[in-house]
Amino acid sequence: MATTACFIIVSRNDIPIYEAEVGSATKREDAAQLHQFILHAALDIVQDLAWTTSAMFLKAIDRFNDLVVSVYVTAGHTRLMLLHDSRNDDGIKSFFQEVHELYIKILLNPLYLPGSRITSSQFDTKVRALARKYL
Amino acid sequence: MANFLAQFHTIKNSSDHLVIAVEDVSDLWPIVKSEFEGRLPFKRASLNNKTRNSVSVENLTAEFILTTDSRLRSRFPLEQSLFWFREPYATVVLVTCEDLDEFRTILKPRLKLIVQNDEREWFIVFVSKAPPNNDQATKLAKKVYAKLEVEFSSKKRERCCKLDIQSPEANFWEDLESKIMESIRNTLDRRVQFYEDEIRKLSEQRLMPVWNFCNFFILKESLAFMFEMAHLFEDALREYDELELCYLETVNMTGKLRDFGGVDRGDDQAALLNPGSKPLTQIVQDDSFREFEFRQYLFSCQSKLLFKLKRAFEVASRGYSFIISFSKALALRESILPFCMREVWVITACLALINATASQYNDGPPDIEKEFYRLQGDLYSLCRVKFMRLAYLVGFGAEIERSPVNSALLSMLPWPKPAVWPLVPPDASSEVLVKEKIILQETPRVKHLGIQRKPLPLEPSLLLREANRRRASLSAGNMVEMFEGRPIFNDGSGSDASTKMSPSQKVRASSMSRTNSSPGGFESSIDRPMRLAEIYVAAEHALQHTISNTDLWKSLSSLEEYEKKYLELTKGAADNYHHSWWKRHGVVLDGEIAAVCFKHGNFDLAAKSYEKVCALYAGEGWQDLLAEVLPSLAECQKILNDQAGYLSSCVRLLSLDKGLFLTKEREAFQSEVLRLAHSEMKDPVPLDVSSLITFSGNPGPPLELCDGDPGTLSVTIWSGFPDDITLDSLSLTLMATYNGDEGVKALRCPSAIVLKPGRNIITLPLPPQKPGSYVLGVLTGQIGHLRFRSHSFSKGGPADSDDFMIYEKPTRPILKVFKPRALVDLTAAISSALLINEPQWVGIIVRPIDYSLKGAILHIDTGPGLKIEESHVIEMQSYVDLSQIAADMAKSDAAQKEGSLAVDKNFEQLRLHAGRIEFPNWANNVTSILWIPIRAISDGLARGSSSVSPLRQSIVDGMRTIALKLEFGVSHNQIFERTLAVHFTDPFQVSTRIADKCNDGTLLLQVMLQSEVKATLTINDAWLDLQDGFVHTTKGDGRPTSGFFPLVISPHSRAAILFSICLEMLNAEDEAKALRPESILNIKYGISGDRTTGAHPPVAVESPGPEGARQDLIFRSSLVLQRPVLDPCLAVGFLPLPSGGLRVGQLVSMEWRIERLKDFEENEVSKHNNEVLYEVGANSDNWMLAGRKRGHVSLSTKQGSRIVISILCMPLVAGYVRPPQLGLPEVDETNISCNPAGPHLVCVLPPALSSSFCIPA
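Line by line, the protein sequences give chains A and B. When you line the first sequence up against full-length UniProt numbering, it's residues 1 to 135, in that order. When you line the second sequence up against full-length UniProt numbering, it's residues 1 to 1257, in that order.
Hints were generated in silico from the structure; no laboratory data involved. Predicted, not measured: the structure shown is a model, and the values here were computed from it. One or more of the hints may lead you astray.
What the hints assert, rightly or not - Heads up, simulated EDC-like pairs for lysine to aspartate or glutamate below, C-alpha to C-alpha not over 20 Å straight-line:
1) B:Lys143 x B:Asp101
2) B:Lys658 x A:Asp66
3) B:Lys328 x A:Asp66
Unchecked claim - On the chain B side, residues computed to face chain A include the following (Cβ under 8 Å):
4) Glu37
5) Val405
6) Ala408
7) Leu413
8) Asp575
9) His579
10) Trp582
11) His585
12) Val587
13) Glu620
14) Trp622
Idealized CB from N, CA, C, for every residue including glycine.
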């Protein structure tokens, strides 16, 4: 499992709708902000890259010192972004695909307003489990 | 071969173009030199590249050099082959000859000698000096040239051309150029082939121990250089690329440990764009080159070629990755390189690359341009990070803004790892003191608005610990333990300990430092940990050693210079990112510029930049990041006295996620808002608090109101304030959904409200609204002088309202006001007539239509001829519509029948107070009936009529009205008015006729009684009081036999009573009395009827007694009996009409004949006994009359006198119409005998068809 990993789902309006620190390392107090900052800046790159390929998984698009940003763009242009320090491309891809399925299930919920924050604790649990499994 | 390196280097530096040798056989060069050289550089040339494809190059530079020139002579053969690239690429042989013999004997052998060398590409230029007018000479020259061609040109290749000096041929120069090009091309091909073969040979030996990279390099670069000279830059670049790959392979080969380089003075300045910075001979090492210099050299060669290819973008992109990879290589050797060499190199490399590419870059396609600017931004950004790192090391750390971007960049970047951390120089104690002083004087930067969040770290780990660890590793003990024991270093804040110490700890630290800085302390410094100030000073000194660039050193030497440079780099990065549309990167750096502006008091600029950053983060909802910047913006606005902005910033701070700030901080924000709100503001500031105060209607169906009704509206308001907040006023607008312009109504809360944090429910009075459905619009209110408004609906909770605002929310109507409709109905309970002149119950059905009649008041106003029996109570009872029940019963099952019929009957007696009745409560929602005792008053006596001319009583006579006005509704705002008509009538209608006239003069008078009411009438007695002139035949009162009575008459049926009367002989005095002009019919009757259907027994003032005590009613009706007239005295006859019939629009003469039947003796007409008044009457719709309609005609009083009255008439309508009639007003009708006796009709035909109406005359 990766020591540092920050997973964020960004809605099509660039709003983070789900955040989770899924690394095994003890969390630095300020890490959340720095991770958010890095991921937010990576949106600039995603906006360029997303349209150059038809694949959903964009692989590692940005590097920040030792950390790598991997991105998965859904058809609805929701971006699943992972900041990580591991090099397990296949695992990350599987992680993204499964989270995408979870996200679709959330979308199917008629009470969920697309683009709003995902507050389902079940979703959170499952994402963390997936992170343990794949990252 | 490596020994040739120096020579190769000089050759390469001295020649940078192709050489064309000129073999001047006939000393012609001085004559043609200028013209030949005028052709240089060649504008277009077609050459073959390495893959033998034709490439067109432009502006190919070359030089003509005589073969006798020293540069082309005295070369060793080995040299020639090795540095073949500098040898001539073509040989031009210049000859002239004017004599065939001379050619044959001298020139030809000489030329043969020259051209026998196959290595050379040659061709002959024959220069003819013959003047054009000299035919002889010209011919000769031609002959010689022909000979020359025969000798030297072959079919395959033309090797001769002729230049006429006196009159050059037009295409000579083109011919010459093509020939030169051909030669160059051939030579180039051959040489490329040669070099390739050589290189291949060498490559095959690569893995052998004898292999020498330098040799390979010389060959490879020679080839590259040749390509470069031939302007085949692409090929040259490819050679360099291959060279680089090959070099990296050799360098990374294990087992060969080589000197890295980079330790010379000036190496810190990147030479990645300057190939000539160091001669290659200096960097050669054994059989290869030093990596540090050589990689930069290769890159500089590549970039030079790329610039020549006008691909500045590629230089930037290759350069960026080169810097990154080279920086990694430097990191591996950090321990052997000077202190911070890597950082300094990256800074200089970035700056050099930025400057070079920016100046060389020309407009490219948009995509490339975007990328280029992005790269520039990246370079600036990289440079900026390294620069900040250096600045931190020399002690400017406190000046670096602890923003997310800086923190992210610096705190994840490891410290430099020199083998040993630099030591404080022995003579620097004064500098240490100065630094120490600065550190002590430094006040920890206070966050704005009292936010107590820990500042973000700028360092990957504590510098103090890191530096000492690197020192301590040399000494015996590990000094780190000493610091570990002190809790203050473990707070993880990352900020330097001394800047954040509490005062007591500060004292400790400083006292400790004082003991340590005692004289002689420095000698033993290796044994004791360095203090921060010492680390700074040591780093500064070490850097001074490392940095050779004076500009860079200057930037680090003072705070001002540092800031200048910092700003320059940050601006550069921000601008370029903006150009590349990487707005997030750009805007974030704008925020850094803002921080500097803020520090320098340039709050205006700072606020603008901060606003951009905040807008970015807020727009994209990254609240954690927003929480970092927003306080700074607020502070700027506060200083700038931008109250509106400051307030809105405070509101935004409050509306951020609750977890981002402590409750105490949030309370501070609120108190800021309140403080401003209650302070004297110049002008009241409007404030949008949509994110903070949200509102929605209560769940459930909307409030429904009828038109005109007021109500109260209950609204849920969420307050995001951390504390209770008092709103001085609050109002909400209602927006009609059907029409936005018109329907905006503000509802004001009557008093000040205190909003608790979280959910509040307030109720607002709602004045009557227009019909329609309404949604909540805007919430406005006032806190002190502050007017705020909120547009935001919240769905379920207040927290993440921001997310929901993005979507168009379906607005839920909160209020529905119905269109005006009938809320109540008042109808009369009966439709048939009531008895006139008797107290009767009139029933009024009050039917509320889905509306409560609570507290309703009914005003009753009776019209003329009607009065309420006030002595009697009014009855009210619940009303069940029988027909409705019947319908229901038909539908419902038998089992349900009983239940549905069980309507609880309410009954109540009410009193009228000043014409008003108040409704009881039970009548709120049920249909009820109100029984009001009234009496219609009619003074006239009923009149009977004869059956011959029946008198129809007008229905209006019995009509009375009751004006009702019902006030109801919540505040008696609803008014329902209705005027009910109630019909009253006599019980009977009486008509008479003479049934028979007996011979004895007895007349049988039949009195017919028609029942007018829907009630059973019982006639108990009837008698006739006859008028004068008539008497009953039987001596009595003319009562019929009592055995007939009681006579029961069913509703609307008839009965008749016969009276036998006879004429009474009148005498004169009787006649004069004329006491009773009419007879009176008296009927004593009873009535039994239901008040719900119509007439009924009169309302008893007392309670109705038993059946027997029922009083009889008397009905009186007057009858007029006329004595019969036996003979009429005048006869009026309507004369027949013309046989042709009547037509519309045709004049016709109507004629009547009047004849006197007997002598006129009556004295009443004696005044004008020989004149008769006539009158013609006609319906003016049907007839137009011409002539006198009314007038006197003379008619003799003698019996049999006659006269004809005629009048012109025109019928106006077709059909059967009543003709005009002649009347004699002065003569009693009984004295006139008419023919025809009654009204009759005549036929009028439609007008004859005529076209004259259509055609204008």
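Hint by hint, where does the structure go against what was stated? Just the numbers, ascending. 2, 4, 8, 9 and 12
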